[in-house]
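Construct the entire structure; sequences and hints are all you get.
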Amino acid sequence: MASRAPEFSAAVPALTAERPVTWPKRTRTRLANGLEIVLAESHSIPKFHGELYLRAGNALVYDRSTGLAEMAATLVRTGTSKRASRQIEEDLRRLGADLGSSAGQDTSAIGFAGLSEFAEPLLQLVNELAREASFPENEFERERRQKLEEVKLERTSPGFLAGERLRKILFGAHPYALVSPSEAQVAAYKRDDLQTVYREIYTPENALLMLVGDFDPQAMLKTIEKIFGNWSGKKPAAKEFPAPPKPQGRRVYLVHNPGSVQTQILAGCHAITRKHPDWIQLGLANSLYGGAFNSRLVMNIREDKGYTYSPRSSVHPLRQHGYFSVSAAVRNDVVAASLTEIFYELDKLRSLPVPDAELADAQNYLTGVFSMGLATQEGLLSQFSTVELNELPADYLETYRDKVRAITSADLMATARKYFDSANMQIVVVGDRAQIQDQAALFGDLTIFDNQGNQLPG
Amino acid sequence: MSSLQIPIQHTTLKNGLRVVIAPDATAPVVTVGVYYKIGFRLEPQGRSGFAHLFEHMMFQGSENAPKMQHIKLINSSGGVLNGSTMYDVTNYYEAVPSNGLERVLWLEADRMRALKVDDENLRNQRDVVKEEVRVNVLNQPYGGFPWLDMPPVAFRNWANAHNFYGDFHDLDAADLADVQKFFKTYYLPNNAVLLMLGDVTPKDGFAFAEKYFGSIPAGAAPPFADPTEPPQTEERRGRVEEKFGTLPAMAIAYVIPTRRTPDWYAMALLDQALHGGRAGRIHRELVLEKQIAVEAEGGVDDIFGFNGPAQMTTRILHKPEYSDTATLEAFDAIIREVQQNGIPEDELQHLKVKWRSDYYSTLEGGRGGYMPRYGLMHLLACFTLFDNEPELVNSILDGFLAVKREDIQRVAKKYLLPQNRAIVFRAPVNTGLPADAGVKEAA
Numbered sequence: 050m051a052s053r054a055p056e057f058s059a060a061v062p063a064l065t066a067e068r069p070v071t072w073p074k075r076t077r078t079r080l081a082n083g084l085e086i087v088l089a090e091s092h093s094i095p096k097f098h099g100e101l102y103l104r105a106g107n108a109l110v111y112d113r114s115t116g117l118a119e120m121a122a123t124l125v126r127t128g129t130s131k132r133a134s135r136q137i138e139e140d141l142r143r144l145g146a147d148l149g150s151s152a153g154q155d156t157s158a159i160g161f162a163g164l165s166e167f168a169e170p171l172l173q174l175v176n177e178l179a180r181e182a183s184f185p186e187n188e189f190e191r192e193r194r195q196k197l198e199e200v201k202l203e204r205t206s207p208g209f210l211a212g213e214r215l216r217k218i219l220f221g222a223h224p225y226a227l228v229s230p231s232e233a234q235v236a237a238y239k240r241d242d243l244q245t246v247y248r249e250i251y252t253p254e255n256a257l258l259m260l261v262g263d264f265d266p267q268a269m270l271k272t273i274e275k276i277f278g279n280w281s282g283k284k285p286a287a288k289e290f291p292a293p294p295k296p297q298g299r300r301v302y303l304v305h306n307p308g309s310v311q312t313q314i315l316a317g318c319h320a321i322t323r324k325h326p327d328w329i330q331l332g333l334a335n336s337l338y339g340g341a342f343n344s345r346l347v348m349n350i351r352e353d354k355g356y357t358y359s360p361r362s363s364v365h366p367l368r369q370h371g372y373f374s375v376s377a378a379v380r381n382d383v384v385a386a387s388l389t390e391i392f393y394e395l396d397k398l399r400s401l402p403v404p405d406a407e408l409a410d411a412q413n414y415l416t417g418v419f420s421m422g423l424a425t426q427e428g429l430l431s432q433f434s435t436v437e438l439n440e441l442p443a444d445y446l447e448t449y450r451d452k453v454r455a456i457t458s459a460d461l462m463a464t465a466r467k468y469f470d471s472a473n474m475q476i477v478v479v480g481d482r483a484q485i486q487d488q489a490a491l492f493g494d495l496t497i498f499d500n501q502g503n504q505l506p507g
Numbered sequence: 011m012s013s014l015q016i017p018i019q020h021t022t023l024k025n026g027l028r029v030v031i032a033p034d035a036t037a038p039v040v041t042v043g044v045y046y047k048i049g050f051r052l053e054p055q056g057r058s059g060f061a062h063l064f065e066h067m068m069f070q071g072s073e074n075a076p077k078m079q080h081i082k083l084i085n086s087s088g089g090v091l092n093g094s095t096m097y098d099v100t101n102y103y104e105a106v107p108s109n110g111l112e113r114v115l116w117l118e119a120d121r122m123r124a125l126k127v128d129d130e131n132l133r134n135q136r137d138v139v140k141e142e143v144r145v146n147v148l149n150q151p152y153g154g155f156p157w158l159d160m161p162p163v164a165f166r167n168w169a170n171a172h173n174f175y176g177d178f179h180d181l182d183a184a185d186l187a188d189v190q191k192f193f194k195t196y197y198l199p200n201n202a203v204l205l206m207l208g209d210v211t212p213k214d215g216f217a218f219a220e221k222y223f224g225s226i227p228a229g230a231a232p233p234f235a236d237p238t239e240p241p242q243t244e245e246r247r248g249r250v251e252e253k254f255g256t257l258p259a260m261a262i263a264y265v266i267p268t269r270r271t272p273d274w275y276a277m278a279l280l281d282q283a284l285h286g287g288r289a290g291r292i293h294r295e296l297v298l299e300k301q302i303a304v305e306a307e308g309g310v311d312d313i314f315g316f317n318g319p320a321q322m323t324t325r326i327l328h329k330p331e332y333s334d335t336a337t338l339e340a341f342d343a344i345i346r347e348v349q350q351n352g353i354p355e356d357e358l359q360h361l362k363v364k365w366r367s368d369y370y371s372t373l374e375g376g377r378g379g380y381m382p383r384y385g386l387m388h389l390l391a392c393f394t395l396f397d398n399e400p401e402l403v404n405s406i407l408d409g410f411l412a413v414k415r416e417d418i419q420r421v422a423k424k425y426l427l428p429q430n431r432a433i434v435f436r437a438p439v440n441t442g443l444p445a446d447a448g449v450k451e452a453a
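Protein chains in written order, with our numbering: chain X, 50 to 507; chain A, 11 to 453.
Please keep in mind that the hints were generated in silico from the structure rather than gathered at the bench.
One or more hints might be untrue.
To be verified - Below, computed lysine-lysine pairings styled on DSBU-like, alpha-carbon distance capped at 30 Å:
| # | chain 1 | residue 1 | chain 2 | residue 2 |
| --- | --- | --- | --- | --- |
| 1 | X | Lys-324 | X | Lys-284 |
| 2 | A | Lys-221 | X | Lys-354 |
| 3 | X | Lys-275 | X | Lys-74 |
| 4 | X | Lys-467 | X | Lys-354 |
| 5 | X | Lys-217 | X | Lys-288 |
| 6 | A | Lys-300 | X | Lys-239 |
| 7 | X | Lys-275 | X | Lys-131 |
| 8 | X | Lys-467 | X | Lys-295 |
| 9 | X | Lys-397 | X | Lys-295 |
| 10 | X | Lys-131 | X | Lys-271 |
| 11 | X | Lys-324 | X | Lys-217 |
| 12 | A | Lys-126 | X | Lys-354 |
| 13 | X | Lys-201 | X | Lys-239 |
| 14 | X | Lys-239 | X | Lys-288 |
| 15 | X | Lys-131 | X | Lys-283 |
| 16 | A | Lys-253 | A | Lys-194 |
| 17 | X | Lys-239 | A | Lys-329 |
| 18 | X | Lys-452 | X | Lys-397 |
| 19 | A | Lys-300 | A | Lys-423 |
| 20 | A | Lys-300 | X | Lys-201 |
| 21 | A | Lys-24 | A | Lys-221 |
| 22 | X | Lys-131 | A | Lys-362 |
| 23 | A | Lys-194 | A | Lys-24 |
| 24 | X | Lys-239 | X | Lys-217 |
| 25 | A | Lys-329 | X | Lys-201 |
| 26 | X | Lys-354 | A | Lys-194 |
| 27 | X | Lys-201 | A | Lys-253 |
| 28 | X | Lys-295 | X | Lys-217 |
| 29 | X | Lys-467 | X | Lys-397 |
| 30 | A | Lys-300 | A | Lys-126 |
| 31 | X | Lys-131 | X | Lys-324 |
| 32 | X | Lys-131 | A | Lys-300 |
| 33 | A | Lys-423 | X | Lys-217 |
What the hints assert, rightly or not - For the chain X half of the interface with chain A, some residues (derived, Cβ under 7 Å), not all of them:
| # | residue |
| --- | --- |
| 34 | Gly-308 |
| 35 | Gln-311 |
| 36 | Gly-355 |
Ideal Cβ placement from N, Cα and C applies to all residues, glycine included.
Below, the structure written as structure tokens:
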């Protein structure tokens, strides 16, 4: 652990004067049909990267079935009124382009990248997918069968099983509890239902088109108006969702995965969204705890004790709620030992002030890494997307580093006490119950499930 | 023909360390890489997995930066770091705000000069590596398939055929003497290249290289085992049990031509014709059209990063109602078609557009969303260590764009042969099928 390590030599070169970090200018506008547009130049390579975001996903239609927006997104690229599936794929190749369509809880998206010389035909294809996807019957049947195999396979992945269980515990009746459909749900998917979802979600009033790359923004804006200008459609009505439960007291959920030679630990509690004023402080607290290589948790259970290869903590900002989690895949005989250290480091941040030097190191880390995205089109796109999708202030990127630097040790302790809710953490362990059940039961009332989600007798 | 030109300057220090600089001041970030010309292919016999375990040891302490200080100094400079062990090279890399450049170079020089590790460090990292193998291979559905399953089936030379992640008894047998010997043999300035990319001027970069690395003594040129394979005369097959997943899987791998030969350029484009995403013939036929497979993808992984035998590998997960035989027959039909008819001219032109576009992205691209210019660094390092010609990064594209239809058909006939391939079947213990379910033989 850090306290035991000797200090490095005085010969280490000091940091020199910092060059200013300048984010490229964004051109923001909105077409008459409601489509929001954000453009930024980046001339690193003669290409551009883009996302067409639709501000709704699986959660909006969760009362009909699980994963409907995602399945609709899968089908979006398999046929339009003008092009068959094979034509779409060959056209993408002809344009030197990559494209993916997907959906999460809060957002659906068509992401793409291609050569600048073919920007117009690629945007025409994206436009066609967003407006004229035809959901061919044979493509639907194939993708549904593919999805069935996928949902069977994911139940053999320890990481999936842990994440699915934690989300169920934290979100209860709220749609964020539903990370993946069951086989029965997939079998019951109907083509018409997907088309209905598509018509509701894929509208210009609900959409944001973001492009970063090697182009002239004014010329690009004209191209976009020409292609997307006559798209029409209303924003879907917002929905009220049931409030998530507030689990009190630590409880342990063991997912029995027979034959496991390792145990996946995942513990979590409710936190905040990215819009919350405490977000940046929580980000810093997380990076000190387990969000960086040099963090306390990694130094403790990896570099000091060798329990695990990849421990980490994360804050997950969904649109309506956020949660905090700690994960580690550990040796079967150190499940209890690892959980002890996980809670020790959480409680330490809640109890003792972070020394100034460690605080400064963490501030440098967070502000430095924040700038890495500047060097690539994809990195810029990702940062700009975060701002737009979460409706953060327009100067979020420009002021972030100063805000990180203003955080004090007292702020950090307050943040840890508020959000590292050690007493109410919900603990999931995925592994072979014969090897880990006794260890897991030391940390709270134990409930056991099989890998299909059925509760097993204790 | 290619339009994107990366400015590059390079030199060699007196101790043999090659230094390559690619300046670009757009963002105040610099990426530093040190590549050593030793990977897991040529690690010592009886020490499988050692090159990778050793890579972990390089983060455990050097003369003036004891354990944990290396990571701490990079992170607290606002930077990120990692390392990876590949077939023929091992890399260590950092991306930092450019005001931390000298600090990074000091750290890399310190661990090139002298590794300072003890038994406790070795025990600790052996445990960490075992958990890495468990999380990536032993406890995952289709873990290590096919990258760990294929070599012992396809190859006869131990260098190419052994377990690169390491058998646990070999990892246990490794001691500190092995660590220091490996370090003294291969981790030499004259067996390495230092790269600086991004916000650095060549003048400063070369001066810093001399200042921090110039006094590290050169060593004897390392001995390298011969990775040549004995001639293969028939198809090779192997079978591995799948403990978690329920779909039958197979991987088919062909040995590809030697790098930078005319056949190699053509093979790269043929690989794209076969494996280029959803438009690629293999995915299109097996997944989209015949619907035998749930997943069918692959290709040559890291085509620029090999300096020994390499393969083009297709990984297929297929529906249980199709037999292995039927699935393989459908795959073979795709291969026969391209051998008999080649590919149409327009398809070749489209493949070239896509190849050029992908190449630009490789040059710009980061790794894991946080390591800017990883791709450019990797190419420059490989072209320096294998070819002594980093400028290839600006000209190699022309070789691919010059490939003709007849070249594609020629390499299809010459290399996509049973006696040039190996097949691994990964067979689920539990297929998820009822015991009496029928199996389709006809594709």
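Okay, the hints, checked on the actual structure:
Straight-line distance between C-alpha atoms of Lys-324(X) and Lys-284(X) comes to about 22 Å, which keeps the hinted pair within the 30 Å bound. Taken as a hint, the Lys-221(A) and Lys-354(X) pair is broken in the structure, with Cα atoms around 37 Å apart against an allowance of 30 Å. For a cut-off of 30 Å, the pair hint linking Lys-275(X) to Lys-74(X) stands: about 23 Å separates their Cα positions. Between the alpha carbons of Lys-467(X) and Lys-354(X) the distance comes to roughly 29 Å, so the proposed pair stays at or under 30 Å and holds.
Our distance criterion of 30 Å between C-alpha atoms is met by Lys-217(X) and Lys-288(X), whose separation comes to about 20 Å. Proximity of Lys-300(A) to Lys-239(X) is assessed by CA-CA distance (about 22 Å); at most 30 Å being required, the pair is judged to hold. A C-alpha spacing of about 18 Å is found between Lys-275(X) and Lys-131(X), which places the hinted pair at or below 30 Å, so the restraint holds. For a cut-off of 30 Å, the pair hint linking Lys-467(X) to Lys-295(X) stands: about 14 Å separates their Cα positions.
Note on Lys-397(X) and Lys-295(X): the hinted pairing holds, with a Cα-Cα distance of about 24 Å set against a maximum of 30 Å. A distance of roughly 24 Å separates the Cα atoms of Lys-131(X) and Lys-271(X); the hinted pair therefore holds under the 30 Å criterion. With a C-alpha separation of about 24 Å, the suggested pair Lys-324(X) and Lys-217(X) falls inside the 30 Å cut-off, and the hint holds. For the hint linking Lys-126(A) to Lys-354(X), the alpha-carbon distance of about 19 Å falls within 30 Å, and the restraint holds.
This hinted pair checks out: Lys-201(X) and Lys-239(X) have alpha carbons roughly 19 Å apart, not beyond 30 Å. Restraint check for Lys-239(X) and Lys-288(X): satisfied, since their Cα atoms lie roughly 22 Å apart, inside the 30 Å limit. For a cut-off of 30 Å, the pair hint linking Lys-131(X) to Lys-283(X) stands: about 24 Å separates their Cα positions. Only pairs whose Cα atoms come within 30 Å are accepted, and Lys-253(A) paired with Lys-194(A) is rejected, the gap being roughly 41 Å.
Simply put, Lys-239(X) and Lys-329(A) have alpha-carbon atoms about 22 Å apart, close enough for the 30 Å limit, and the pair holds. Of the supplied pair hints, the one linking Lys-452(X) and Lys-397(X) holds, its CA atoms being roughly 24 Å apart against a limit of 30 Å. Distance restraint check for Lys-300(A) and Lys-423(A): the Cα-Cα separation of roughly 24 Å lies within the 30 Å cut-off, and the hinted pair is therefore satisfied. With a C-alpha separation of about 21 Å, the suggested pairing of Lys-300(A) with Lys-201(X) holds against the 30 Å cut-off.
A distance of roughly 12 Å separates the Cα atoms of Lys-24(A) and Lys-221(A); the hinted pair therefore holds under the 30 Å criterion. For a cut-off of 30 Å, the pair hint linking Lys-131(X) to Lys-362(A) stands: about 25 Å separates their Cα positions. For the proposed pair Lys-194(A) and Lys-24(A), the alpha carbon gap of about 18 Å is at most 30 Å, so the pair holds. For the proposed pair Lys-239(X) and Lys-217(X), the alpha carbon gap of about 25 Å is at most 30 Å, so the pair holds.
For the given pair, Lys-329(A) sits about 12 Å from Lys-201(X) by alpha-carbon distance, which is consistent with the 30 Å threshold. For the hint pairing Lys-354(X) with Lys-194(A), the CA-to-CA distance comes to about 28 Å; that is within 30 Å, so the pair holds. Distance restraint check for Lys-201(X) and Lys-253(A): the Cα-Cα separation of roughly 14 Å lies within the 30 Å cut-off, and the hinted pair is therefore satisfied. Distance check on the hinted pair: Lys-295(X) and Lys-217(X) sit about 12 Å apart at the alpha-carbon level, within 30 Å; holds.
Annotation: proposed proximity of Lys-467(X) to Lys-397(X) holds, straight-line Cα distance about 14 Å (limit 30 Å). For the hint pairing Lys-300(A) with Lys-126(A), the CA-to-CA distance comes to about 58 Å; that exceeds 30 Å, so the pair is violated. Of the supplied pair hints, the one linking Lys-131(X) and Lys-324(X) is violated, its CA atoms being roughly 41 Å apart against a limit of 30 Å. With a C-alpha separation of about 23 Å, the suggested pair Lys-131(X) and Lys-300(A) falls inside the 30 Å cut-off, and the hint holds.
Restraint check for Lys-423(A) and Lys-217(X): the C-alpha separation of about 54 Å exceeds 30 Å, so the hint is violated. With a cut of 7 Å, the hint placing Gly-308(X) at the interface with chain A holds, because the nearest CB-to-CB distance is about 6 Å. At about 4 Å, the closest approach between the beta carbon of Gln-311(X) and any beta carbon in chain A falls short of 7 Å, and the interface hint on this residue holds. Look at Gly-355(X): its Cβ gets to within about 3 Å of chain A, closer than 7 Å, so that hint holds up.
The earlier numbered hints that this structure contradicts are 2, 16, 30, 31 and 33.
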